[in-house]
Amino acid sequence: MSTHIKILKQVLQKYSSPMTLNYPSGVDKNRMYSQIPEGLRGFIERDEEKCIGCRACYMVCSGRATKIFDTAEKRTVQVFHFRCTYCAHCEECCPEEAIKMSKKFELAVTDKNDPKAYVNTDLKMLSCKACNRPYLPEKMQKRVFERLSEKIDAKVKGIVVEDYHKTEGFCPDCKRARGVMLDTHTKKHVWLEVV
Amino acid sequence: MADLAFTIVSIALIIPISLFLGVIYAFLLRKLNARFQWRVGPVVRMYSDLAPVIGSTRVWQPMYDILKLFGKDTLIPASAHKRLFTWSPYFSLFFSFAAVLFIPFPGMPLLSDTPYSLIVASYLLIASILFTILGPVASGSPWGAIGARREVELFLVAELGFVASLFLVAFMKGSLVIAELSGTVGSIPMVLVTLLAGITMFAAMLGKLHIKPFDMPEAECEIVAGPYTEYSGKLLGTYFLAKIFVLYSMVALFIAVFLPPVSSSVLWLPLYVVAALALVFLLAVVQVLNPRYAIRKALAWYMKIVVPLVIIGFIAAFALRMVA
Amino acid sequence: MGLIDRARIYSPWVYHFHCGGCNGCDIETLAALAPRFDAERFGIQLVASPRHADILITTGCVPKQFIPMIKRVYNQTPDPKVVVAIGGCACGGSLFYDEDPENYAILGSPDLLIPVDVYVPGCAPKPEQIINGIVQGILKLNEKATRGKK
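Residue numbers (the working numbering), protein chains in the order written: chain Y, 2 to 196; chain B, 7 to 330; chain L, 961 to 1110.
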């Protein structure tokens, strides 16, 4: 009987002020709901200006939700929300910090092909001047060159930049094939010293 | 003739009144259960930005459940005995509604002044529960069989307390007609014995209405919905409707027999409503404080608590009959 | 709208059907029915038998031994009914589903066997997301029922 009295006291404690959140009601117009915790990992948002198409997020994705589709003109990086596990590995590994996990979490779709469940980013793809095969997105090439020129030693910077401009526009196989012809092969400094 | 006409009119009136009150009692049981668990139950006043889409109040929630069930398909399993399976819910509803007609409401004695109405009312309630045992047995499912078996055992002991408390009061006041029992109050010792019988009846009501310590026949998820496992659509809706009438009749019978003057004339109507709501509140409190008992423990509880109360009550009633 | 159509929106009954998986989505689904995010405010009730249900909630990616069970439970639910797939695994298989080569044990999402009406992605989805998905399921249920009548 005494346990019943104890339970009754606890039960009547919050009789008139229940602890329920009134969820579907009271949500802001842009669906911001006040109970969101600080570090919530919601849906993925990719900044189209910053993404360079380096495929790091594709390599690291846990649920195999990120897919890369290459055509002759463009590279599409697609995140399919149904397979995403919201682990934020792609946010951590993106070199340009283009991916952010937003705080939105409301997405219930009735159709698997609904465009709301996909995040697509298109990037222009470059084709090789010699063999016409698509090899790299344009932004990636530019960005890699920018990063390289920040960190390179001042002594060899001139030669590296000159060689880069000579081979710009060739895919890696064609670049290797034309190394001697364009005088950009890596052992040219060794030859000069010996000779 | 006027008497007959009045009875027919009051029988026609009791249909919506008993449905209305039964739905309110069922809603209150759910709402109080929720409030005691620190949550909001079915809302009484819906949030204003959702009200146009999903209605402005959920006070009629038990009725919406039943109406929705009437709109669904009815699937009959292949291993069921078809006639008993499909007819049991309708018999259960018929008997529980017939029991409503023999219990007085303030201002409308209905059929409660026929001779032996106490026996008729209690037998009609027993018959209604009988068909919640036969139907599931006919469904051919093992879960239905377990639920029906538990229902039979619980029913036997709860019936003991139910019948004993009713006949205690009948023996003491010397009458088997509900109208006379609810009309006379009697002396102070009679009121005390009526109170004792009322406590016994409350304990028996817990078993008959499947309130928390004794809801093991319909143990949800333990035996996959128990007796109602194979029922769907309009048959299940009929069972729920019969349950609402049984809830109303048990509360009304309690007030008629154990709170004597309240059911007799229309002036007592406010007190009738207050007494009914207080009874439902007590049932909800018991429901929230107790776990679900196993069937053996329930039988032992009834034997230990209800039987001594009944014996003491009968000795007291016999003494009172000898003295008066 | 008729009385029974209104009753269908006001009282949807939910059957929680666990088809394999890590139980994360199951815990979040039961949290959606617990005091903090009470779904019973809107009449949503958890029922114990698929024959009583309007909305079938499936969680988890389906192992191949489950295939006959899923079909059986789906057939035992009376019309009109709606299937809501909760969690990344139930929507598309997530981590556990390979396309090439095919996994020896896991089939993937239940929508290869039964028609799924609402997908709720997340790993595990928040209880608020689950309530949002159930509400969409209720609207789809009403649409199915009234379309069938016409």
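Don't read these hints as lab results, they were simulated from the structure.
Be aware that one or more of the hints could be misleading.
A few chain B residues that face chain L, going by a derived Cβ cut-off under 10 Å, partial list only [stated by the list, open to error]:
1) Phe12
2) Gln43
3) Val49
4) Asp55
5) Gly61
6) Gln67
7) Met69
8) Leu73
9) Phe76
10) Ala225
11) Cys227
12) Ala231
Looking from chain B toward chain L, a few residues come up when the C-beta cut is under 10 Å (computed) [what the hints assert, rightly or not]:
13) Asp9
14) Ile21
15) Leu34
16) Leu35
17) Arg36
18) Trp66
19) Ile72
20) Thr80
21) Met114
22) Tyr237
23) Ala281
24) Leu283
25) Ala306
26) Trp307
Computed list of lysine-lysine pairs in DSBU-like fashion (alpha-carbon distance at most 30 Å, straight line) [to be verified]:
27) B:Lys240 to Y:Lys7
28) Y:Lys125 to Y:Lys152
29) Y:Lys125 to Y:Lys140
30) Y:Lys15 to B:Lys310
31) L:Lys1104 to B:Lys240
32) Y:Lys125 to Y:Lys158
33) B:Lys310 to Y:Lys10
Since the structure is predicted, the reported quantities are computational estimates derived from the model, not experimental observations.
Don't be surprised by glycine CBs; every beta carbon is placed ideally from N, CA and C.
Going down the list of hints, with the structure as the test:
Of the supplied interface hints, the one on phenylalanine 12 of chain B is violated, with its beta-carbon coming no nearer than about 32 Å to a beta-carbon of chain L, more than 10 Å. Interface hint at glutamine 43 of chain B: satisfied, since its Cβ lies 6 Å from the closest Cβ of chain L, which is below the 10 Å cut-off. Given hint, valine 49 of chain B at the interface with chain L, holds; its Cβ is 5 Å from that chain's nearest Cβ, closer than 10 Å. With a cut of 10 Å, the hint placing aspartate 55 of chain B at the interface with chain L is violated, because the nearest CB-to-CB distance is about 13 Å.
Interface restraint check for glycine 61 of chain B: the shortest CB-CB distance to chain L comes to about 6 Å, inside 10 Å, so the restraint holds. Here the hint on glutamine 67 of chain B is kept, as its CB sits about 6 Å from the closest CB of chain L, short of 10 Å. For methionine 69 of chain B, the suggested interface contact is upheld, since its CB lies about 8 Å from the closest CB of chain L, less than 10 Å. Checking leucine 73 of chain B against chain L: minimum C-beta separation of about 4 Å stays under 10 Å; hint holds.
For phenylalanine 76 of chain B, the interface hint holds, the least distance from its beta-carbon to any beta-carbon of chain L being 7 Å, beneath 10 Å. Taken as an interface hint, alanine 225 of chain B checks out: its beta carbon lies about 9 Å from the nearest beta carbon of chain L, inside 10 Å. About 5 Å separates the beta-carbon of cysteine 227 of chain B from the nearest beta-carbon of chain L, less than 10 Å, and the hint is met. Satisfaction of the interface hint for alanine 231 of chain B is found here, the shortest Cβ-Cβ separation to chain L being roughly 4 Å, below the 10 Å cut-off.
This hint is violated: aspartate 9 of chain B has a C-beta 37 Å from the nearest C-beta of chain L, more than the 10 Å allowed. A hinted interface residue such as isoleucine 21 of chain B counts as satisfied when its beta carbon comes closer than 10 Å to some beta carbon of chain L; here the least separation is about 18 Å, so the hint is violated. Proximity of leucine 34 of chain B to chain L is violated relative to the hint, the smallest CB-CB distance being about 14 Å (cut-off 10 Å). Interface hint at leucine 35 of chain B: violated, since its Cβ lies 13 Å from the closest Cβ of chain L, which is beyond the 10 Å cut-off.
About 8 Å separates the beta-carbon of arginine 36 of chain B from the nearest beta-carbon of chain L, less than 10 Å, and the hint is met. For tryptophan 66 of chain B, the suggested interface contact is upheld, since its CB lies about 8 Å from the closest CB of chain L, less than 10 Å. About 8 Å separates the beta-carbon of isoleucine 72 of chain B from the nearest beta-carbon of chain L, less than 10 Å, and the hint is met. At about 7 Å, the closest approach between the beta carbon of threonine 80 of chain B and any beta carbon in chain L falls short of 10 Å, and the interface hint on this residue holds.
Hint on methionine 114 of chain B is violated. Least Cβ distance to chain L is approximately 28 Å, over the 10 Å limit. The interface hint given for tyrosine 237 of chain B holds, since its Cβ lies 7 Å from the closest Cβ of chain L, which is under the 10 Å cut-off. A distance limit of 10 Å between C-beta atoms decides the matter here; for alanine 281 of chain B the minimum to chain L is near 28 Å, and the interface restraint is violated. Interface hint status for leucine 283 of chain B: violated, as the beta-carbon distance to the closest one in chain L is roughly 21 Å, over 10 Å.
For the restraint placing alanine 306 of chain B at the interface with chain L, the shortest Cβ-Cβ distance is roughly 27 Å, beyond the 10 Å limit, so the hint is violated. For tryptophan 307 of chain B, the interface hint is violated, the least distance from its beta-carbon to any beta-carbon of chain L being 25 Å, above 10 Å. Distance hint between lysine 240 of chain B and lysine 7 of chain Y is unfulfilled; the C-alpha atoms sit about 43 Å from each other, more than 30 Å. Between lysine 125 of chain Y and lysine 152 of chain Y the alpha-carbon distance is near 26 Å, which keeps this suggested pair within the 30 Å criterion.
About 8 Å separates the Cα atoms of lysine 125 of chain Y and lysine 140 of chain Y, which keeps this hinted pair within 30 Å; it holds. For the hint linking lysine 15 of chain Y to lysine 310 of chain B, the alpha-carbon distance of about 35 Å lies beyond 30 Å, and the restraint is violated. For the given pair, lysine 1104 of chain L sits about 19 Å from lysine 240 of chain B by alpha-carbon distance, which is consistent with the 30 Å threshold. Distance check on the hinted pair: lysine 125 of chain Y and lysine 158 of chain Y sit about 28 Å apart at the alpha-carbon level, within 30 Å; holds.
At roughly 27 Å between alpha-carbon atoms, lysine 310 of chain B and lysine 10 of chain Y fall within 30 Å of each other, so this suggested pair holds.
Hints 1, 4, 13, 14, 15, 16, 21, 23, 24, 25, 26, 27, 30, counting from the list given before, are not met by this structure.
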